[in-house]
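J.: So the chains spell out like this:
There are 2 protein chains.
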Amino acid sequence: MVEREIHRPTLDERAGECARERTLSATVAYDGAPFAGFAKQPGQATVQGELEHALELLFRRPVDVVCAGRTDAGVHARGQVVSFDVDAAELRDRTLFALRRSLNALTNDGIVVRSVDERPRGFSARFDAVEREYRYFLATGEVPPVFTDRTAWFVGPSLDVAAMEEGAAHLIGEHDFKSFCMAASAVGKPTCRSVSEISLASETIMGEPHQVITVRGNAFLHSMVRTIVGTLAMVGRGQRTPGWVAEVLAARDRQAAGENAPARGLVFWEVTY
Amino acid sequence: MVEREIHRPTLDERAGECARERTLSATVAYDGAPFAGFAKQPGQATVQGELEHALELLFRRPVDVVCAGRTDAGVHARGQVVSFDVDAAELRDRTLFALRRSLNALTNDGIVVRSVDERPRGFSARFDAVEREYRYFLATGEVPPVFTDRTAWFVGPSLDVAAMEEGAAHLIGEHDFKSFCMAASAVGKPTCRSVSEISLASETIMGEPHQVITVRGNAFLHSMVRTIVGTLAMVGRGQRTPGWVAEVLAARDRQAAGENAPARGLVFWEVTY
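Just so you know, the sequences run in chain order A and B. For the first sequence, numbering that gives the first Met the number 0 assigns the number 0 to the initial residue and increments by one for each residue that follows. For the second sequence, numbering that gives the first Met the number 0 assigns the number 0 to the initial residue and increments by one for each residue that follows.
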């Protein structure tokens with residue numbers, strides 16, 4: 000019976016101790032162009048800074064948010080998710096709908112809170128994410144696009160999509176993606192990740208042809224999606240063969256891969272919990 | 000035989016007298032946001048000003064362009080067409096492709112010359128146009144769109160599209176569109192126009208729902224498309240019945256119609272010659 004007396008807190012109880020009573024999440028879209036990335040940095044406009052500032056104005060205390068995935072400067076989001084904890088008393092009679100409206104009123108125009116949802120207590124936007132989806136937009140017309148210039152990388156009309164698909168197939172599954180990780184971030188950290196989908200689809204956006212590359216996986220290394228896209232673009236342009244992608248993966252060396260595709264074409268699309 | 004001696008120039012000969020040897024056209028896309036409209040205005044950034052400046056740099060003389068349709072400040076284009084005349088000698092060994100490239104290098108980033116084409120001598124982008132097409136983008140999600148904020152009017156999710164289609168049907172055909180013309184522009188000018196199509200289509204753009212209103216006709220009065228859209232939006236929101244659109248048309252009075260829809264949702268899409 001001693002074990003019972005030395006009380007070991009359950010997961011729920013621990014959440015209660017270190018967190019507040021209710022855990023909420025916000026699904027957030029943003030135009031990455033005006034921000035120095037998601038993560039808060041002193042003296043810079045960041046998405047996290049904007050969101051935490053709005054939450055502080057609402058709750059009259061500092062509120063920390065946890066995000067599903069940090070995005071670099073210039074990278075966009077359609078379905079970034081952030082979680083944060085509040086006391087029931089702090090919510091007063093605010094509905095989640097009213098909270099969304101207030102957050103949208105208090106944040107920069109480039110940020111849109113698409114929904115605010117109640118989550119199980121202790122929910123983490125980061126650690127509870129099962130799968131993350133990114134989409135990368137390539138503009139493939141004869142001339143640069145006017146209406147997607149902020150959200151697509153102009154690569155021109157002569158991409159070999161079949162070769163890109165063949166190259167992408169080498170990356171599906173669980174692998175050491177060290178070659179696709181910004182070198183400084185990879186030092187001393189695990190670089191194995193599981194990629195479940197890399198697919199290409201033609202999409203006409205406001206009259207202009209695009210190829211949209213969808214990349215899904217459990218988690219991603221720093222700049223991994225942009226390096227995958229930059230590498231596949233070399234295959235699509237005929238500068239490398241599809242088989243070269245397997246060599247890049249096997250090299251476990253960032254120098255082996257193609258250059259990072261520009262930030263502006265990348266959208267953090269969706270998170271599955 | 001006197002008639003033959005008093006030489007009456009044919010249309011071709013007249014073109015030869017007042018114009019240069021070759022007539023070219025450029026199909027131009029632009030983001031309207033940074034411009035004070037298409038038409039040249041002293042001291043303001045305009046699309047015409049940018050294009051004529053680029054042509055002057057290329058040909059080392061002032062070059063006047065004629066456009067298929069003037070667009071107001073903030074209105075975009077995907078298929079604006081401009082025509083201009085040049086001497087064969089001025090073209091030197093430049094191909095039309097090289098001319099397009101030079102124009103793109105010499106104009107503002109918000110302007111993209113999609114093609115440069117040779118036209119019959121004396122061709123006018125304005126007077127030879129048979130039909131003009133505009134598209135108006137309504138963002139119909141729960142929250143404002145992040146990626147089409149510059150190119151769509153956010154109206155929210157509860158538009159009655161069937162009612163808008165019923166209202167639009169009253170405008171098809173040849174009518175006096177005086178109610179749909181900016182009052183000052185209509186004074187003493189003919190206001191009959193022929194509208195061949197007004198259709199609505201759902202379109203997902205970068206993940207967000209939109210309704211796209213396509214309006215086709217031979218020619219349009221000043222702010223006519225935006226007034227049509229503003230009027231149909233009142234029907235879509237349930238503020239007016241579809242039958243009210245027929246009353247607006249019959250009134251021949253701008254005060255009878257709805258407000259102009261915002262410039263940013265309108266794109267001058269295509270011209271048929």
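Hints are supplied without guarantee of correctness; some may be wrong.
Ranges of calculated distance between the beta carbons of each label pair, as one might list FRET restraints [claimed, not checked]: (1) A:Val129 - B:Glu117: 40 to 50 Å; (2) B:Asn103 - A:Arg120: 25 to 35 Å; (3) B:Tyr272 - A:Arg93: 51 to 61 Å; (4) B:Asp252 - A:Asp86: 34 to 44 Å; (5) B:Asp175 - A:Asp108: 55 to 65 Å; (6) B:Ala87 - A:Gln254: 48 to 58 Å; (7) B:Asp92 - A:Cys191: 56 to 66 Å; (8) A:Thr94 - B:Asp175: 27 to 37 Å; (9) B:Pro41 - A:Ala38: 40 to 50 Å; (10) A:Gly42 - B:Ala250: 28 to 38 Å.
Keep in mind that the hints were calculated from the coordinates and are not lab data. Everything numeric in this text was worked out from a predicted model, so none of it was measured. Even for Gly, the Cβ is constructed at its ideal location relative to N, Cα and C.
J.: Any of the earlier hints contradicted here, and which numbers?
T.: 1, 2, 4, 5, 8, 10
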